[in-house]
Amino acid sequence: MKKSYLDYILRNRLPVTIFVAIAAFALTYFASSAERDGVGYTPDQPINYSHRLHAGDMKIDCQYCHIGVEKSHHAIVPAVSTCMNCHTVARKDRPEIIKLTEYYVENKPLQWKRIHKVPDFAYFNHSVHVNKGIDCVSCHGEIKQMEKVGQMQSFTMNSCLNCHRDAHNRLPYLEKVKDGPENCWACHR
Amino acid sequence: MQLKGINQERRMAEDQNILNNPDPNYWQSFEEFYKSPDFLKTHEDEFKEGVTENFDSSGMSSFSRRKFLALLGASAALAGTACSDYRDKGEIIPYNKMPEEITPGKANYYASTCTCCADACGLLIKTREGRPIKLDGNPDHPVTKGKICAQGHASIMNLYDPDRLKNPKKKNEGRFFEYNWKSANDEIIVDLMNIGDKEIAIVTHKIISPTTKKILDEFVSKYPTSKIYSYEVFDNSARNSAWKKCYPANEANGAGEFPAIKWNDAKIILSLDGDFLGESHNLVENARLFAEGRDVVNKKFNRLYVVEGNLTITGMNADYRMRLRSDLHLNFLLSLIDALNKKGANIPISSGGLTLEKFANENKLDKQELASLVSDLWRNRGKSIVYAGSHLPEDVHIAVNLLNHSLGNNILYNSDSVPVSMIPLSSTSDFEKLISSMNSGKVAVAIHINSNPVYHLSHDLGYSEALKKVKNVISLVELENETSELSNYVLPINNQLESWGDAKTRTGFYSLQQPVISPLYDSRQTENIFLTWISGNSASYSESSYHQYLMNNWEKNIYSSLNSRLEFKRFWYNSLHDGVVYSNDKISLPDSFNFESSDHIRPAPISKNFTLQIKESYALGDGRFANNGWLQELPHPVTKIVWDNCASISPTTANELGLKSNDLVEISNGKNSLKIPVFIQPGSSDNFITIESGYGRRNGVTVGTVIGFDATDLLKTSGGLSPWLYTDVQLKKVEGEYKLVTAQTVYAFNEGLTADLPNKRGIIREGTVEQYLKNPDFYRTDKKHEPESVNPDITYTGLKWGMSIDMNKCLGCSECVIACNVENNIPVVGKEQTDKGREMHWIRIDRYYSGTPEDPKVSNQVMVCQHCDHAPCENVCPVVATTHSSEGLNQMVYNRCVGTRYCSNNCPYKVRRFNYFNFRDHFKDSYQESPVFALLHNPEVTVRSRGVMEKCTFCIQRISEARSDATREKRDLKGSDVKTACQEACITNAIQFGDINNKDEEFYSYRNNELGYYVLEELNVRPNVTYIARLRNTSTEKA
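In order, the protein sequences belong to chains A and B.
Residue numbering for the first sequence follows this note's numbering, beginning at 1 and increasing consecutively.
Residue numbering for the second sequence follows this note's numbering, beginning at 1 and increasing consecutively.
Quick caveat, the hints were computed from the structure, so don't treat them as lab data.
None of the values given here were measured: they were computed from a predicted structure.
Take these hints with a grain of salt, some might be off.
[Stated by the list, open to error] Computed footprint of chain B on chain A, listed as stretches where at least three residues anywhere in the stretch have a Cβ under 8 Å from a Cβ of chain B:
| # | region |
| --- | --- |
| 1 | 61-75 |
| 2 | 95-107 |
| 3 | 123-130 |
| 4 | 178-185 |
The beta carbon of each residue, even a glycine, is placed where N, CA and C say it ideally should be.
Could you put together the complete structure from these sequences and hints?
See the structure below:
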């Protein structure tokens, strides 16, 4: 009796348990990979700014605010003073604009939640990518339709390399695009 | 050092062998030269014994492994329960109001002027997001042409020095208390107003700014009992007073200073103990012009004769070098003049019975070399120059001026840009008078403007004692020092990068200084403090007062004299942009020589005892850079000693006295004495001691306090040949040793099969100009068998980076080392760590001696990562952390590195550096981890942490930036778009960088130079750094 019970455990229950454990892990691992990479991360911002309204409906050029994107590593989150170029007159009565004006007048730092981030040891450069003709959408998604911005693509080394190795297919709108560099010092130094 | 333990006969036989052996035997230290068994044992291995041991737990973080694990467990449990938002990536905080000129991520450059010393070199300051991160030379500056010295490069660290004084301080009952500006100024103004007939003494370094001079003049007219005392510890006084005596006519029109020399036009240069390539006076221009005359590409070669007491940078670069004690230079000069007179030179000075032959016999100088010197000087009249060291007595300078004048060499004096001075420097007798009036109570207020006379002035004067009799002592300083300690008020002043100013050092132009950052602390600019005192009302201060004053002064006094067509505001902004304003003031140099000036010169008596020279420290200057870790850790260009000074003596003298390096000795100069370790310096003359000053600061704050030994203890006010040169000095051995650490023999070569490696394996290749002109390929031997490489052959068709180093131009000055430190965030590791072989410099200068220890020849070699095509380091990395790029770069990836150090073990050039600690945390109680220090870092370069390997990257951050600029401008990246930090810093342009494959670039001619070779070529690692072999321009008589 005792022997057959042990037998039963070894033959049936153990493999089943192991299988369930591995399957559960694997399933969660793959199902959550996007989430772990930050895809879909859409935090609340201190000011309820809408890209759909500004960039989409009103068709303000991305570079009106993100002035660094062609010149610098950083695309640059615009200074409060940039918003105030319009909002000293436009929609002054809206609660979000009143909040914004407060920041401006009181000279308070406006702490936007960061959405996209590559690790410290990777030196990503916006200007090189944009000047090669790569559209913002290719990495950031359809920003113009986002009420609230979230991360659309994963920003792992793997996703960078996928495009660097296969630029032609990934960026079909660029006819002459060449593959990106794959050497370490292209990003790490 | 095991000199005693070695059989005397064997050594003599070896010495004989060396003399007979035509192959120069390269050696780096005496231990190597005498093949000391200890030394050989130590250097059998790549890493020094104990390099991985002896991690002193007290110096390490108190965070033990057990504690770490406990905390790890606890924090994991906490994290599990708290379940914080793991996706949170922090915040992005933009500017509230965007400054117009700043694009985050892009550097801005501003022109300014360096005020670290009285040379006032032009600066180009790189700032990122409003903070300066790197200093370079201003290319538009007419004297320095885009270059600055090592101290200038390192001085960026002074701005972010955590030790800087942050508030005014007042002394109360012997202790300092934090104070405020208003009360301090109020109290000082009351003291100044009620001065009566007592003196106000202002002690300052050399004044180079016309506007500062004007403010001081106004101060003197407001408080008429004020007197200004300006001093430099190492000044040109002997040379200048000789100049005035030789050319008296020109004092009237202002040219009272020895002019600059057009070294580039000189075919023959004779330097008598004159370290013009190593001393601070006009160093940048001297080195640049000198190197113009050593050009292998255009086949232009000058010839440098150096007669000197101790080996200097200039001596290392000599074609002919002779050893001669500094007190004998007058006699040498008189003998030389006698020899020239025999050729028909007719120089009107009596040699006092000295002849060159007799002198050569007495002092064991090489007669053949002397004969070639005499005939070179005679044949190249008007194309040669004789130059004497600033520490030599006035008579030597008079004789030198006479010699130059008689040979027609005075046309090499630069008459286009003549040195001018604002306020003449005070003499020793001025200071003696000041101190006696202090002692008799006639001085009521003493103001020190960023000067440190308590440390600098000879203790014989008794300045610190006299200061106690002064009622109110005020020090205006950046860092506390020995003088501020004795003051009643210590007022913090702005760093040079926070200051406005102007400078006038030469005719023909002015330089402007502008701040690039607001004052970090509650400090004020010196001139502004004086303006407050002049106004007599502490409330009159505003941060912009001096800025306004400077502009007003320029508008009224300088702008009006320039006949500019621009209106003043535009003129001013343009001038600030350029950093330099050209003016048409001219001073003509005189051509009538006062021959009476040399009538009194007689041969000097020869002293039997030791002669002592006190020399300015190459790294620390007069001690003002003592708190700068980068400069303390810079290996001395000659001795390679770090973090110390020493008494250099010759090997012969050491043998006679039974001394070895590190032995403590007591040196007595009259009644003054100093205990200091000796260092046996090859090439030093016998019975001669050289000590660098600037060390031994009693209050040099965190880094600089009690580092080395204070040579000021030996200074005398009288009795020396000059303030820096003393005869009749005693030296005696005392008990004890003191360890000097050199950064040189860390990587040395072994006994047996591998002996004499530098020569045999072609690490150093040299020849003479004559050999080269006869056969450009003279040094190439038949190609030996090349080992098979495990690396596949890859043809690089596109851009491929390479560097070339011209050893004819490399002076060994080490500017590149400091520039690299600043650019690449290299930490300071400290003396003990350097001793263990854990220094972190990515670029080093190997100094090889060859020949005899008494009269060695010196070869310098810059060593950086060679970025080999077949890199041996890459094959052995178990985690592929070091790989090759498609542009020929050997890449090191920190986030992959696990710290096996295999790569370093397999590197034939020993250029890889391992972070045995987080050195920022490890050095001086995390001194480099202070928040303000982080502002110093280059944001484009990773700050490496413990456990990773690092090495020269060919400034990959600069390559990346150039590439992004090229992409933006829709063009291809060219080799000439990139300049590495070391290349930019190199005064003589010895370092070139560019694209190996581009035939149209200037770099191509260096890469493929006839004299180019690779170090350790036989290993078939295919380096991308080309060395251009050094040629010595020795004359035909002695090929």
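Against the structure, the hints:
With a threshold of 8 Å between beta carbons, the proposed coverage of the region 61-75 of chain A by chain B holds, since 7 of its residues qualify and at least three are required. Remark: the region 95-107 of chain A is confirmed as covered by chain B, as 3 of its residues place a Cβ nearer than 8 Å to a Cβ of that chain, reaching the required three. Interface restraint, the region 123-130 of chain A with chain B: holds (4 residues with C-beta to C-beta distance below 8 Å; minimum three). With 4 residues having a beta carbon nearer than 8 Å to a beta carbon of chain B, the region 178-185 of chain A meets the requirement of three or more and the stated coverage holds.
Violated hints for the displayed structure: none, as all numbered hints are satisfied.
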